[in-house]
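*Asks:* Sequence:
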Amino acid sequence: MSLPFEGAYTPSQLRRWLDAMSRRFSCRQFSQPADSAQLATLAYAAQRVSLKGIRIALVKEGGENLVVSLPFFPRFEGLQQYAVLYAKEGTDLPAFRAGISGQALALEMAAQGLQSCWMTGNYRRAQAMEQAQEGEKPLAVMPFGWPRDPEGARLSRRRILTAFSTDDPTQWPYWAYRAAEAMRSAPSAMNRQPWQLSYAGSTLSFTGSRLDSVDTGIALLHLECALGGYPRAWRLAGDGRTLLARLLEDTREPV
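Just so we're aligned, residue 89 is where the sequence shown starts under this note's numbering, counting upward by one.
There is no bait here: all hints are sound.
Label pairs and their calculated CB-CB ranges:
| id | residue 1 | residue 2 | range |
| --- | --- | --- | --- |
| 1 | Ala-321 | Lys-176 | 22 to 32 Å |
| 2 | Ser-157 | Asp-255 | 36 to 46 Å |
| 3 | Asp-255 | Pro-282 | 17 to 27 Å |
| 4 | Gln-259 | Lys-176 | 42 to 52 Å |
| 5 | Ala-131 | Val-156 | 23 to 33 Å |
| 6 | Leu-336 | Met-217 | 41 to 51 Å |
| 7 | Arg-213 | Glu-149 | 10 to 20 Å |
| 8 | Asp-338 | Lys-176 | 38 to 48 Å |
These are calculated hints, taken from the structure and not from any lab test. The beta-carbon is built from N, C-alpha and C at its ideal position, and this holds for glycine as well.
Build the full structure now, drawing on both the sequences and the hints.
*Replies:* Right under this line is the structure:
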């Protein structure tokens, strides 16, 4: 069974997003909205990155009314624009697909100097539904714009690599280690990063808290970007939640 992301993106797209990972950070304070040229570029990108059954709508204004403020959570400032991720009714693994598609767009934004913030809750559903088409439901929203602090990536905190694996990733082949490092930079709800990696028998194993989740899709996109330069194959393990990747050629890279 082919997985929904296999063959969806070109090597050049994956390389571009891999390069943008170090610049991307979760942003809640914006200095100004994206300009018309950037919005046009993002609208085109949103169509290209959306997997089957997923649609991303860009909303140019009204973001100041989107978020439901909660105590102890940082407030949004300067928010005007946002994206809404919709899944078509009957889509298989809709949250997983939305995570992959949305993170691809978030990295496109970062490549342009823009920043964004994933939100799967605490937003006004009625407002998100305003852009919906028949048979669609919103799974997440993504406020975006020019960051007030362009160097915000330096403040990003991620778990150490060994927190994701019971073995030592520095002993893995380079391609597997490189993929693990890319996954480590992936955002998740509450910064929990609920993922596990292992390597055995020439196969890299990735497990999220559950397969059909936005967080799992986000992390998978980061893994796929790191593997974009290699002939590879993915498959779903018998447990229905672990994804297995192996290379189709011997890279003869050092460990």
